[in-house]
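Enquirer: With our numbering, letter number 79 in the sequence shown gets 71, and the count goes up by one each step, no holes.
Careful: at least some of the hints might be erroneous.
Claimed, not checked - No more than 20 Å apart at the CA atoms, straight line, and that leaves these computed lysine to any residue pairs for SDA-like: (1) 35 with 51; (2) 11 with 47; (3) 41 with 54; (4) 32 with 68; (5) 35 with 60; (6) 41 with 60; (7) 35 with 54; (8) 35 with 23; (9) 41 with 68.
Unchecked claim - Cβ-Cβ distance ranges computed for the label pairs, FRET-style: (10) 55 with 30: 16 to 22 Å; (11) 47 with 25: 26 to 32 Å; (12) 4 with 42: 28 to 34 Å; (13) 43 with 3: 15 to 21 Å; (14) 2 with 23: 16 to 22 Å; (15) 68 with 48: 16 to 22 Å; (16) 23 with 51: 16 to 22 Å.
Hint data in this document are derived by calculation from the structure and do not stem from the laboratory. Computed from a prediction, not measured in an experiment: that's the story for all the values here. Ideal Cβ positions, reconstructed from N, Cα and C, are used throughout, including at glycine.
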Amino acid sequence: MSSVLASNIPSKTTPAQVKEFFQSQAGEVSDLIPLADNGKVQKFEVLFKDPKSVSAALDLSDAYIDGVAIRVDEVPELTDGQVGKAPQ
């Protein structure tokens, strides 16, 4: 799977801004899946068209969006060894 988990993204940041951030820094984003929003910060799964974009995206952990350091992690494997949407 060609995706990462992006968390600690300010709630005021729009999904379009998140997509643009990752596209400009890591590569073409094929989908952006909202996973959580507690009113202060959000979490997304960011899917890329090119698997090579994942390593570039992982390097963006601690980068700033709207003045807040974000976290970027690998998508965890499911118990059956498959990779997919992370649990919320």
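Enquirer: Each hint: holds or not?
Expert: Going through the hints against the structure:
no.: 1; hint: 35 with 51; in the structure: holds (17 Å)
no.: 2; hint: 11 with 47; in the structure: holds (16 Å)
no.: 3; hint: 41 with 54; in the structure: violated (23 Å)
no.: 4; hint: 32 with 68; in the structure: violated (24 Å)
no.: 5; hint: 35 with 60; in the structure: holds (13 Å)
no.: 6; hint: 41 with 60; in the structure: violated (26 Å)
no.: 7; hint: 35 with 54; in the structure: holds (14 Å)
no.: 8; hint: 35 with 23; in the structure: holds (14 Å)
no.: 9; hint: 41 with 68; in the structure: holds (19 Å)
no.: 10; hint: 55 with 30: 16 to 22 Å; in the structure: holds (21 Å)
no.: 11; hint: 47 with 25: 26 to 32 Å; in the structure: violated (20 Å)
no.: 12; hint: 4 with 42: 28 to 34 Å; in the structure: holds (29 Å)
no.: 13; hint: 43 with 3: 15 to 21 Å; in the structure: violated (30 Å)
no.: 14; hint: 2 with 23: 16 to 22 Å; in the structure: holds (21 Å)
no.: 15; hint: 68 with 48: 16 to 22 Å; in the structure: holds (20 Å)
no.: 16; hint: 23 with 51: 16 to 22 Å; in the structure: holds (21 Å)
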